[in-house]
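Start from chain A and add chain B according to the hints.
Quick note, the sequences are listed as chains A and B, same order. For the first sequence, our numbering begins at 307 and goes up steadily by one. For the second sequence, our numbering begins at 2 and goes up steadily by one.
Hints are supplied without guarantee of correctness; some may be wrong.
Heads up, simulated BS3-like pairs for lysine-lysine below, C-alpha to C-alpha not over 30 Å straight-line [to be verified]:
1. A:363 <-> B:17
2. A:315 <-> A:377
3. B:39 <-> A:363
4. A:320 <-> B:4
If you're looking for bench data, these hints aren't it; they were derived computationally from the structure.
In case you want the letters, here they are:
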Amino acid sequence: NAGVTQTPKFQVLKTGQSMTLQCAQDMNHNSMYWYRQDPGMGLRLIYYSASEGTTDKGEVPNGYNVSRLNKREFSLRLESAAPSQTSVYFCASSEVDSRRQPQHFGDGTRLSIL
Amino acid sequence: AQKVTQAQTEISVVEKEDVTLDCVYETRDTTYYLFWYKQPPSGELVFLIRRNSFDEQNEISGRYSWNFQKSTSSFNFTITASQVVDSAVYFCALSEAVGSGAGSYQLTFGKGTKLSVIP
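Same shape as in the complex, but just chain A:
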């Protein structure tokens, strides 16, 4: 079982470049999330999609856009990368957008912006 798959696993960008991080889940989950993890911090929510066709901002949405392409896929786009966006990005999914449901995470994408 693949669970939540993120691509790429590593990426180095120059300031100002654009990039899309891909996420796909095969658990038939309705809700998907993007987080970033910075050293010494917990995870912070960037955007989420409670169900197919909807997206909403989380705690730190500035500089990012998302697309819920279909039920399986949720992508995160950096239009003009900045060094402050150097981070580890995690995609997660859950059955429904309920406080009860544990979120299942991908392995992360390690992104460096030079």
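Showing chain B alone in chain A's frame:
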């Protein structure tokens, strides 16, 4: 706003020692859920346990146990007879409602506790 505090940034123990990881939370919700996740050195996040605010029973799973005390807003995690494979960063998280739409939730994470188990 909800908040999760993991006051212990790093802990080192010798193998076979018991260790407790602390988690204190703040919320105004009457119904909420708490979670623990493990992040081993390989980097992935692994779900360990979920606890709802109405169930204050402690839970044991093998060498892992969780102590939920609503009166002190704490949800502590104990590893008994620690092993090297337990070395990881452990995150406590609290579910909270977000946005204006009904039924949208996010996890609020603590900053994590890095546990090192020395052989």
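We went through each hint and held it up to the structure:
{"no.": "1", "hint": "A:363 <-> B:17", "in the structure": "44 Å, violated"}
{"no.": "2", "hint": "A:315 <-> A:377", "in the structure": "22 Å, holds"}
{"no.": "3", "hint": "B:39 <-> A:363", "in the structure": "26 Å, holds"}
{"no.": "4", "hint": "A:320 <-> B:4", "in the structure": "35 Å, violated"}
Figure legend: structure checked against the earlier numbered hints; hints not met, in rising order: 1, 4.
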